Structure formats: C-alpha cells, structure tokens
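Peer 1: Whenever a hint applies, use it, and build me the whole structure from the sequences.
Residue numbers (this note's numbering), protein chains in the order written: chain R, 1 to 979; chain W, 1001 to 1093.
It is worth saying that the hints were derived from the structure and are not from the lab.
Be aware that one or more of the hints could be misleading.
[Stated by the list, open to error] Pairs of lysine to any residue, SDA-like flavour, derived with a Cα cap of 25 Å:
hint : chain 1 : residue 1 : chain 2 : residue 2
1    : R       : K585      : W       : R1014
2    : R       : K454      : R       : W626
3    : R       : K896      : R       : T928
4    : R       : K870      : W       : L1040
5    : R       : K161      : W       : T1017
Everything numeric in this text was worked out from a predicted model, so none of it was measured.
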Amino acid sequence: MRIEGKGLVDRSTPVGFRFDGRDYTGFQGDTLASALLASGVRVMGRSFKYHRPRGVMTAGSEEPNALVTVGRGAGQVPNVRATVQEIHSGLDARGQNAWPSVRFDVMEVNDLFAPFLSAGFYYKTFMWPRKFWESLYEPAIRRAAGLGALSRQHNDEHYEKAYAFCDLLVIGSGPAGLMAALTAGRAGADVILAEEDARMGGRLLAESHEVAGQSGADWAAGVVAELASMPNVRLMTRTTVTGAYDGGTFGALERVGLHLARPPMDLPRECFWRIVAKRAILAAGAHERPIAFANNDRPGVMMAGAVRAYVNRWGVAPGQTVAVFGNNDDAHRTVSDLGAAGIKVSALIDVREDAVAPKGVTLHAGARLVDAVGRNGLREVIVADRDGKIARIPCDCLAMSGGWNPVLHLTCHMNGRPVWREDIATFVPKPGMVPGLTVAGAANGTYSTYGCMKEGAEAASVALSELGRAQPKVDLPEAEDGAIRLRAYWEVPEPKHRAWLDFANDVTTKDVRLAAQENFRSVEHMKRYTTQGMAPDQGKSSNVAALAVLADATGRGIPETGITTFRPPYVPISVAALGAGGQGKGLAPERLTTSHQASVARGAPMIEAGLWYRPSYFPRPGEKTWRESCDREVRMVRERVGVCDVSTLGKIDIQGADAGRFLDFVYTNTFSTLKPGRVRYGLMLREDGIVMDDGTTACLGEGHYLMTTTTAAAGQVMRHLDFVAQAHCPGWDVHTISVTEQWAQFAIAGPLGRELLNTLLESPIDDAAIPFLGCGKVRVMGIEARLFRISFSGELGFEIAVPARYGAALYRDLVARAESLGGGAYGMEALNVLRIEKGFITHAEIHGRVTAFDIGLQGMVSAKKDCIGKAASERPGLTGQEREQLVGLKPVPASKPIGAGAHLFDEGAEPVRVNDQGYVTSVCWSPTLNTHLGLAFLKNGRARHATRVRLVDHLRGADVVCEVVHPVFFDAEGGRARG
Amino acid sequence: MRLNCPLCGDRDLREFTYYGASVYADRPEGGWSEAWDDLLHLRDNPAGETNDLWYHELGCSAWIEVSRNTVTHAISDTRLLAERKPAAKGAKA
Ligand SMILES: [Zn+2]
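Peer 2: Spelled out as structure tokens, the structure:
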C-alpha cells in the first residue's frame, strides 16, 4: 500500500512488470521488493530446506529471503535479490525453490519433516548404504532443497570487464561517503565514489532526520550534484565493491543494463571492474540484525530499518498495523516514523526493562516475544510480559531491531580480524587491516548522522595529506548526533518453536546448540556443520547472532568464540561478469596464418597447433579418408613438389655486434663462425641439461641473425633468450625481437622445388646461388623476399619468406604453380609422415625429459665453449646405456599398425612396468617405404639396431613385434636434400 | 596486484610472467658442481622478504627482480635484472 505524499519514487511514471505470472504496476524508482510490498504481495520466496513461505526482510543487498529468478530462457538469472532488482517494463521475475509457485508449494511437506532435517542431517541420515548416496539420496536432496536454477543453456549475453584508477576510492555514498568524496573532490584528487544502490545517499534516503535544515535526501542530492560537476570525480551507482586485494586493487560489480527494459545492443548486462586506488575509504554502513524468536521467519517480520526505508524512501506501508520489537533506540525511531506516515503501531516490545513509552503507543518493556502467528503472512505476535501475562498483539508487520553490524567485510579480505566492541555489542574493524584503506561512519561503528559525516571528512583529510595534497575547508552540516543505546539481546530464551538465525539457509538456534552439543565448538566447525552463513547472503545479518548463540551454548564470551572469515566476493558475482570476454573464442583466441582462407577454400580440415590453426590435409575428389589424401601428398613431395605454410614456427630476429657470441651461449653448437648467407641447425638446452628446442638460424648479414623455433616453443624460447641476455649478458650488444607475425613463410619441397621457384623469381637461382643450408635475398613479384635452403622433408627444400601482407597472394600463386607441375599443397599429416621417414624430431620427441645424448646429438654440444645447460648435461645419469635412446621401429609384418604411447619390452618378457624398456613417441604409415613406422625411446637403443622388441599398447590392445632400426628410415645419406 | 616495471611504470599483474626466486640468475662458473645443484634444485621458502623474477611479457620484455614480502604481500622494490648487482656472475665476457 502506498502512503500519500511519501517517498522518492516518481509517481508520474508508472511501470508495469510481472511476478510469478501476474502483472503488477509500480513506479519509476521502485525495487521489485518495494513494488511488490506496495501491491500487497507478502510471500516472495520459499526457504532453502523447509520450503517455508518467506517475505522480504531487508531493503538492501543483504536480503536473505526474497530471492527470485529474473528473465527466461538462456539468460535467466537465479537468486536475484528482489531488494536490489529495479523494476522495468520488461521485468519478468518469479519465485524459486517452489512448485508450482511460491504461494502454493508442494515441497512445503519438508517443514513437517523438520525433526529429521536438523544440523548435520546429511552426514547422519544418508551415509549408509554408501552406494545409495550418489544414486539416490543426493539427487533427491538436491531436488528438494536449493535455491534458483540456471537455464543450463549457453548464454551469449554481453558482459564486460574494465579497469579504473584513482587517488581515492570511496565505498558507499551515505553521510560518511558523501562527506569523504566531497572533501577529496574539492581538493582536486581523482575520486571514484562507488554506490551499490541506484541512487546515492545511503541511509539519508531512508531516514526522516534533517540535515542542514533540509531532508537528508535533498541534502544528499545537493552534494551529489556538486560532485557530478567536478571533472576529477567519477560517480558509479549500481556498483558494489566486492573485494579488496593486494596493491590497492579492488573488485567491483556494476549492474549496467539490468534495470533497463530495452537496453541498447552494445550495453553489457554487468561489468566487473578492477579499481586501483592509492587510498580507499570504506563507508559501507551497517546491517541491522534480527533477533531469534519462535517463528521469526513469518512473512511480515522485517528489519526496523527496512520498514523505515520502505516508508520514507519508497512511500510504501509494509503493513496496515505494525508492531515494533527491539533492544535499542532505533525501535523508538521506527515508532515515530510510522506514526508520522499515518500507520497504526499496535505495540512496542522493548527488551529493556527501563524503556520509556513513546507517546500514544502501548509499551511492553522487558517483555519476551514468544511467537509469531500467520503462516502465509503475519497476523499477530504473542508477548509474555515481565509478570508472565500473555498478550496477543495484532499486526501484519513486525519491525524488529537487534542492533547493527558494521559492513566491515572488505577489511577482512586480506586476513585481518575485527575486534569486539562491548558498548555496541558488535565487531568493528581494526585500523590497518587493508593497507591504504580506512573505515568511516557506521562501517566503523559510528552510527549518528553527524558522527558519520565527521568521520568521512576526517578520513578524506588523512588520505589527502598522505597523498601530499592540500586539505580544503569543508564545513560539516548540522545533523542528528544521538548516541545509540542498546542492550545486547540475540534470542528470546526458551522458544517453543524453531527460531531462525540464518533465514537463507534455514539455520535455527537449535541447530547451533546441537552443533555445540556434538562438540563442533569452533565457530568454523559450527559454520560448516550447520551451514550457517553459507547461503548467497553469506550470513551478512546472521553471523554475529549465530556466534553469540554458540558463545552462550559453549559458556564462552563472544570475543573468545571469534568470528568466521569474510572472503570475497561481498555479493554474488555472476561468472559471466568475472569471465567477461572469455566466452567461446575469447577463451582461446585464434591465430590464423595468411594462407588460412585458401586452405579452408580447398576443403582442408583445420587442426589446432597451440592457438594456431593449420591444415591437416587437402582432400581431392575421390579421396575418401585422410590417409588417402595424406599418402598422395607425401608421394607428391617425394616425386614432384609440395607447398606448405610454415609461418607458425617462431621467428626471432637477433642483432648486434655480440649476437654471434650470444648464439654460441644459448645454442650447444657454435654460431659465431656462421657466415652471412648461411644457415645452421641448432640445439638449445635448458639450464638443467634437458633439450628445450631445436631449429635453424640463418646469418642474414654481419651481426644479424634470424632464429626459427618450433611452433610449440616459440614463446618459451623468446622468454629464454630475453632472460639469458638480461641475466647473463648485461652490457653485450645484442637485441632480440619476435618477428613471427611479420613474415609469412612457405616451404617448397620436392625434386621440382627449384624449378617451381624459378618460374616465380625475378632472377632464377641455381645450386651455386643458394646451396644447401644457404640463404639470401630474392625478388618475387616486385618485392624483396628471403629464401632459405632448408628441408624438413628430406627433399630438395626451400622456405621463402615475405612480409605477412603478401602472404595470402604468394601462397595462392605457389600452390597454383605447384599444381601445374603435378604437385600441390600439403598439410600437417603429410608433413609429419615426411619428417618421421627422415627421423627428424619434434616436441613429440623433445618432450622435456630427453637430453642431447638421448636423441643422438651429444656431438652437437661443443667442448670448446660454455653454453646454457652444458654443465648440467654432464651430470651422471644423463648419458649412458641406461638412458632411453631415440630409435626407429618397423613392425613385423610391416602392415601391422602401431600407436604412439605404446611401451616396449624384450621379446618374451611379461609386459609389466618393471620390464619396461621404452616407449613410442611418433608413428605413421609410410607410403614411401610401404610400412608402418615409429620413432621411440629405447633403453640402450643405439646398440640394439637390427634386434627385435615387443611393442605393447595396453590402452588400445595392440601387441606387435618390431624391428629396431636407425631413426633415419629414408635417404640416410641425405643426398636428396643436397641435390 | 601491481608491479612497478622500471621501464613501463606501475602495471597489472596479468602483464607479467612469474619465474621463481632470483637466485636462478646467479649462474655458477665451470662444470657440474654443488653450486649448480643449488642453482637448479634448492630454493628457500621464506616467510617474509624474498626476491623473485618476473618477466614483463605483455609489456617491454624486461626481466625484473622484485623484492616482496610473502607474508604481507607488500612489494618494497623492483629493478631491472640487467642492472642489479649479483653476488657472482657467470657467462664471462
Ligand atoms: Zn615493462
């Protein structure tokens, strides 16, 4: 019900929305909770375990009860707090954890089984028989108990992440936050003021106190207008600061488009911010806490501060007849605000015996609230006066206040522990819990409006002086400055029915006492045993009361009992916002070569190589399997000519007077003797003596080299070269940079390779111009290119490199020319077969556990000079007969396929681990030699050529006898590449 | 977490690649010895001040030695690896 003349909502702008399939109307400025309350809706949710009807309790993000699901289809969002969701004309919300609706829920039957569902019931009831747990109990419990559900569909709605930087981050825009931001803003500091609500002002919007002779809301609007006019101040509404991290970094979630009926297409739903602040002020206010009494979860039982907020800010009467229950003066403030709004107050129940009756209201001082009546909506409360007399007080709303808990969560995110303050019966932050962050106002346990403003301004002054800025004169306005008088009171003793602490997770005082009785006396154990504080609200309003009950049950004080740890995030954050930009291809960006389009156009299936995509094979009409295409491409290269994009290999440009000497140090073999126009194969070790990578390096000119790395290790090698240069060679004239993406490079392999090239080059070449392992500049189609005479196939081979922008054109031309010579494009499958036939290694072989000795390249470790990894490669155990050494395998008979990953055993030995002799790394069918081939590591393998081993693949069920041979199966003399 | 790259200034953690304790940059001279074993395999695990290596991979490619506290996470100093003064230096000129 709306109250005439009250509230800050825009009565001239009605807004229609849907809840649980019914149409409602609210006003611009309403939350879903305020609009539903105004429409008389009392049940907004069902509880987690017992499916009890629940109404809204709070007016903020700490809401434990009114959790709803918003939206339909893939984008539906569960567990949205009705107190945070603003209404808009497209809003379609529904209750959850209930069927068919929150008003009638068949699972309500759970409430009857409550005696079996007490703390720890999972552990006690369902542990036996064990196999029933996964198949029967757990699915049933999960169906019956729970919160909202995800759609289980892929959601491609737009989320974002962003970064921001400031001198001072002010968290919260109540009286403390506004004064802090104003002080720092006037000083010219870069300020970010983050407010969780849609509107700045905090409690000033919800209370009736005047500030500087005007309403709190008007005063706040004036300050916000001044802040908005300052170019150095950034105002962020709908932004919850969720975590405090190292180095002054804060996480924050901004609800960007969730309040709009038709958000623009480019507007994200939410944005996750990382805010880096030199200083921060936490002015996040306080949460009012409930008192545990029998059936205190009835719809209509609300926090007193929330009742005042609904009356003063939204102009909504939460009930027609309200009773007020509390242990402090805020209860009296509530009575007066209700009276001013014309709402009937049926009684004030104050647990303090010395409470003074407000005018015109019946006071029950020192009374006990023994029960609340009305399953689907409060009808009356039953009170036992001090003299034992029972009074039934009619009310459809109970405004309750057990005191306030400072919102100090962020101060605990870096392991800080708050301290207990007896006078206000709550934990308050200790200074210095988060470096650079101070706490002001109610978050610091200072509750009066004037006190908050003073602390906010002072905190900003301190921050400004630490930042070396002058402090401007900011006058504090006149405002309420009353002391909070409170008597610690957590639960009504000896309740006849369950009394709730954690409403969201259905934890009662009985559960906490049961935990203590079963010796879960530590607050962390109690939490896990009862699930207290583990719901989406993380026990914001219930944790302190729960540990007070635990303290009582274990006969300790509250400070000794301690408090559970608060961890980020302060409010739930959707994974979509945290991982914004990481959905689909954002998770693994695609690196495409310049030939990509041409390969796809030829029907090549593309396979991933790291982030790169490379063609597997190029199917031709009539070829039914990849093997047919692959075999044809291998024969094509061996007999005619093939073209393959090798741009994905790492290319590192190395220059400087000391570049040759630097290469000597990173490679095992010598490069300083390499002459311009020559290319050399190099082997690179890690400092621990294990092979890191291999590849060729060309000398392009005096002091100018181009190193190639494998595709897989390109990043690692770049990192390594930078490390070696900076750590071990400071002062040397050597410079490195990756040019992988600047050059498109294509292999031209096969007996007709030179013939193909000469149809293209402006000046034809012969063997003398570019001999084997030579390189030089050539001109092709009017541009300068680099030509290298290197071969990964064993055939006459060239690689031609052009600036990447010419790659697509050159590739198409090369393939067309190759086809006119009876050749064509070849893919990764053929490339792999060609290199296995030649015994060339890849990272299948140099997989991080093999030494130069293992691959037969120990001769490449120069004795004349030091190099990275040399000392460690000489360690005992890294050479010798016991090492598994690279060998070739040929199955007997040749037609028997073998698989990589299979293990090797002596013939006749049982194929078990202790008899293991080695393993297979690469396999193929060789169309050149008409046999299956394998590369393998075999103990003492080089001495076992021409013997036989047993190959067993336990995984695929193969058992094949193989002949051990030299790993170079084809053209061992290398005449074809040199020819 | 933020790291101050001596060349680029204050930058987000995500731009850097971590590489363990900075003693790894103190390469012994000569063939295999116990000093090599220490370099490769032995690391302190201090609760408190430590120096470690970070590579500004998504920035300027500088290797940086960072002094930080493993308990408080406070970073007290950063410097270019190329400009530090190590106890001993391998790779003779
Ligand atoms: Zn940098």
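Peer 1: A separate judgement is required for each hint: does it hold in the structure or not?
Peer 2: Against the structure, the hints come out as follows:
1. R:K585 x W:R1014: holds, 19 Å
2. R:K454 x R:W626: violated, 77 Å
3. R:K896 x R:T928: Holds: R:K896 and R:T928 sit about 16 Å apart, inside 25 Å.
4. R:K870 x W:L1040: Roughly 13 Å separates the two Cα atoms, so the pair holds.
5. R:K161 x W:T1017: holds, 21 Å
Consistency note: the structure conflicts with earlier hint 2 alone.
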